[in-house]
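Visitor: Residue-level listing of the chains:
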Amino acid sequence: MLHLHRSARADYLAAALGDVLAQPPPDPLQPEVVSVPTRGVERWLAQELSHRLGASSVRGPDGICANITWPFPGTLVASMTSAALREGHRPARSQGDAAGPWVPDRAVWPLVQVLDDHLDDEPLAPVAAHLRAAYPSPAAGAGPRRFAFARHVADLFDRYAVHRPEMLLAWAGGPSSAEPEFSEPGWAADVAWQSYLWRLLRRRIGVPSPAEEAQEALGRLRGSPDAVDLPGRVSCFGLTRLPASYLRALVALATHREVHLFLLHPSPALWDRAAQACAGLRGRPYRSDDPTAKLAQNPLCRSWGRDAREMQVVLAAEGAVQAQLHEVPAPPATLLGLLQANVYRDSAPPPVGAEDARVLFEGRDGTLTLHSCHGRARQVEVTREAVLHLLAADPTLEPRDVIIMCPDIEQFAPLVTAVFETAGETGAPAMRARLADRSVRQTNPMLAVAAHLLELAGGRATASQLLDFASREPVRRRFGLDEDDLGRLEVWLAGSGVRWGVDATYRQAWKLGSIPDGTWRAGLDRLLLGVAMNDEDRLFAGVLPYEDIGSSEFDLVGRVAELVNRLSCVLEGMRGRHDAATWAAMLADGAQLLACPADADLWQTDQLRRVLSSVAPVDQAPINEGPVDEARLEEQQAGGPLIDWAETASLLADKLQGRPTRANFRTGDMTVCTLVPMRSVPHRVVCLLGMDDGVFPRHPAVDGDDLMLAAPMVGDRDGAGEDRQLLLDALLAATDHLVITYEGRDQHLNQPKPPCVPIAELLDAVDRTVRFAGGLTARDVLVVEHPLQAFDARNYQPGALGPAGPWRFDSVNFHAARKLVKRGAKRERRRPFLEGRLAPSPSGPVDLAMLVRFLEHPARAFLRARLGYYPGPATDRVCDSLNLELAPLERWAVGDRLLSAVEQGRDLDMAIAAELGRGLLPPGPLAKRPLAEVSAAVKALLVKAGEVPGFCTDAHAMELAAQLPGGRSVMGSVPRVAIDPVTGRATLLRLTYSKLAAKHRLRAWAQFLALGAAFPDLMPSAITVGQSEGSTPERPRARVSFFGPLGRDAGEVRERSVEALGVLVDLYDRGMREPLPIYCATSAAWAEACMLPDGDGPGPKEAARQYWQPSNEDFRGEAREPEHMTVLGTVLELADLLEALPADDEGGPGWDERQETRFGRLSLRLWAPLLAHEHLALR
Amino acid sequence: MSQTRPNFDLTGPMPGPGVTVLEASAGTGKTYTLAGIVTRLLAEGTCRTGALLVVTFTRSATGELRDRVRGRLLSTYRDLEWSLATGEAPQERLARFLVGTAGDRAGVHRRWSRLSEALADFDRATITTTHGFCHMVLAALGVWGEVAHGASLLEAPEDLVREVCDDLYARWVVMNGPLPFRPGHARTVAGAAIAHPGLEVLPATGNAQLSDDVLRSRLASGARKEMDRRLLDANLLTYDALIYRLAAALEHHERGKEAVARLQERFETVLVDEFQD
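Just so you know, the protein sequences line up as chains A and B, in that order.
Those letters in the first sequence? Residues 1 to 1179, per our numbering, in order.
Those letters in the second sequence? Residues 1 to 277, per our numbering, in order.
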């Protein structure tokens, strides 16, 4: 006997199910069978039933729900069918057990073989043409990639078996029994190739298809109660759509058993009317002939309720018409309740006419609210605040009474986690939100590793991909890599010139096998050699050791080498085509070689193996009909058809998709889940998140191969229709409040965006049902427009965004908002970087190197030494493509390294060879020209330097300690000092590949003074040689800075050196307490212009501006240096720089008091002594 | 010229069959007229909701157009409803026209109920961008089209173009010695060739001498081929490829007819907004 139960709400259906189950079965140990559409429903239903079964009172706390099996309808029907045919089989619990070789996962493999064997058959001509045009294999010699197509066809055949079994039965009859229904032109051709292909597949599989089996199975089910081993009572809960073939099986089962179907139907009134329209219905009609299509009066029932309405027609077509109604009490007289009541009654809106019969509402009553936000993140924030308001207003409301449903959970999941879990940090009440329905890729990091491996296999194996892979949690765990190690790895990859490709062989796929530069292998060789030999730039067997690897890092190099080696092997193995089982094994083994789960999560590895093994074909049909060629022979030896990585990727993509699961659904916390059928179990608060135009509803299915779409029948699945039904279910499931958020404005352009069509329909329905005071529309009253920013003052103005109090709960943004309001429209004067000077740093000896760094860049030295702050982008970034041209900075670095190699007495040719081994140059011949140019410039510079009197190459480093009055001292070393064997005088030498600039002169000056103060007897002088402005390879020009001895004898030299060094140390001490307004080149230009006689040159301002903000866009200018922007707050104009006046202690002897600005006075303080003593020359 | 073209009247005879161009300056209400045409076609029953195609150019324009068309359907629907209830003619011009030409009250009711269905069935009307349309049509063609299942769109192909070009450049230099132009120039040439797959690359590279132009031309055709190969390998499509694939499918000498028939069967009326873009 078949019993139908219907209700508009799932909790009343659950109560009805409880009443049914409360009757004890004859055998108390036999499990009840309750079929459920999703695992979430299973959990909810078990919770509901445990309040009813065996409870001392209704909804009592002491009930129990046990000994129930919960198969999906498809599994139940499939197991029934197979059991009926094989007599007395137990119902299977999982899809895989019951499913035969016809499930798409398995049928796809014989289908691939069929395609391979028969592609040239005449009836398959359109398929062959399509495959060859759309799926040609990128690899030469291989056939078309047919897997994705085969999978698509296998899915189609599966759907036909469920929804159009008659059609398949006709196909099974042979080509002569052509379809009566699909004879229309345009589809005949499709029927032809599909039926031909299906018959081939049927022959290859050799087992009757489910459609064929069903006939016989139904007969047996009707014939005998013992055909299946099922209890005398079977229930199907929460159906919103039931394919006709399933229904037939259930009807047959009902011959000897009590079968209860529990249907969610929004409107009892509509049901009654539709029941009349369906009277005398023979067979399932086409959608165009649906007798109930125009019955619905209520606009929401009409537009949103098609699935539920059609299910009634499907049932009626099988003769199931009598349904017991479980009434829902009348909803409260709120706005939401009114809408729900109208849906229950399917009442048309009051007629338009002279008299306005709509119910009057004063305004929003809080039961239905729409929030228009900017972008996704704000939607999540607004949802959180809305829920908090509801929780605050009603002490009986608990987080578990709230459900948040979202059409696209993968996009929103990270935001939900971020916004809800960090709420506590911003001063708002923290809330736990449980995310259900995430994809396994998200919940199982090991699977994510396997998926990542496959992604790598299809790519170029770039340096950043390697870095990304290494930073995956399980990979880091396997190789013991922490955050610092990854930072080190990034530096090494950049420094050893790794760009892309495992090795040269790997690059052959791109026909670049002749370029070994910048592969993982090349970089690894350098690193490993760097551990073995710490020799400076000397090639060993053609490899340049990586410099700068400390002995504490040897271990890390070893681990990195192991990681790169293993990954290389795995990637090498995955090249080319393999059978599915091999792919699965390689991915699983690869993931285990390269990653390991945490101790508590060892299940992740098992799940990985399980998921991967499910993609491999289970059975292979031994028949081989086609001609045997070499490729076919290979496939026979292998475990099935060979597929390449792209086909494997599409094979896996499906397995890694998110599915509704039981996990995290209704755990006691607030649930966040996808919008899927029967998720809409009643909750007091239902939030719909992300109802954006273009995302919701899904587009109607478009598939030119789907014969069902040619003539859709009542009850066929359709994404857009299903989404709308979900919306109707959600509307009815909200017992107290419905909160909807959508993207009402573009977050970048602030353009208004219309809500998605169903939401617009909802607003229209409200407008036709009620009227608001003041003639306002639903859009005016119900939609709250939220500001772009969380710190906008409107968030905290009482009543501005709805509730009487402020909208937001957190204090962090409140402070920000208050600051903004206080500042008002007027722009406050920029606050100084520091309110005053810092306390002096301990006055020990001054490190000469530190002093030099300070003089070269005062702001940077201050930020680093006192604040430990390094603004600006990191310099070591990996790059993923081979360098074809040297950038100017890279060219400079090459020249600088060559020059210093020669300066240190090494051979230029050896240095050039080392440069080639470094891996930073363009590959092969492309390096030749720039290298030749740079080395020519180096040679020319060496020649020029040799012509400078006193310049020589025989120089040594010297340690020094210079005593200053007052107990201060300067200590350190100067790198290159030449002592004249005849006179005994010392010369400080420096040769730089750069253009001689202010910083080189300052460095020489400080070292020169320190040398003079420490060793006055040596009567030191200093020579610095660099390139000159306008120097070309053809006409090289050098610029020389020369400091002669500071006095006629050692005493004078010491006195003057100590005095001038004292000035530098004084500036240094000041500069360690605040960022001094000294900017290296700008200050130099200013000071030089000031020292010129009046009227010479363009004047200090113009001269300084050339370095501060040059008119030539190619040069950055010091105004744009990150450190200067940090301490000045912005890119400051030179005029603004000149506004500050000298401090009280910046005057007196030694200070140029003609300088009225602080910048000028400090610049002169630094530069005047230097300029007074320096000789500059061009050569 | 403009004298020879008639002024369009929303309440006059509807255009077609064939192609009709509506030309107007900015702000004169092209989109308004378009929404009106849709409303009239649906109300008069000339076109089914599912067989209607409206194409515009950007995604944001699509959203706005959808909202406008629905708004117009709704207001006309209400006007007709009001007219049915009161027996008076509506104020709005199109609604008044629809009431006036309906014949009797039953005719007005028929039109009203068609609009009501169109509103309930609004998702079936295709309002989309050019690229969305191409994507949809290629899917709708099934085996008669030439796009693989599961191919995804590469929205910004610039990186791939650069990669292809750099590879070709490096390969040439390593095998044959320096090229007479720099990598930046090579990228410009290859990028242009890839962006305009319909244009012929000149000069033809037979056994010609390796002049600069011939080298450039070789690079350009090589980059096109290589780009196609890599897109195929990664199962990717670019927007340009989408449009060219559709054109190729429709012009195919054997299968094109079947494909065209499919499209014609599916769409009765096509409206294109902002065609000048």
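Hints in this document: simulated from the structure, not taken from any laboratory.
From a predicted model like this one, the values you see are computed outputs, not experimental measurements.
A couple of the hints might just be wrong.
What the hints assert, rightly or not - Only some residues are given here: those of chain B computed to face chain A with a beta carbon under 7 Å:
| no. | residue |
| --- | --- |
| 1 | G63 |
| 2 | M136 |
| 3 | E268 |
| 4 | L271 |
| 5 | V272 |
All C-beta atoms, glycine included, are put in the ideal place defined by N, C-alpha and C.
Visitor: All hints are to be evaluated individually against the structure, with a verdict given for each.
Guide: Okay, the hints, checked on the actual structure:
no.: 1; hint: G63; result: 5 Å, holds
no.: 2; hint: M136; result: 5 Å, holds
no.: 3; hint: E268; result: 15 Å, violated
no.: 4; hint: L271; result: 18 Å, violated
no.: 5; hint: V272; result: 19 Å, violated
The earlier numbered hints that this structure contradicts are 3, 4 and 5.
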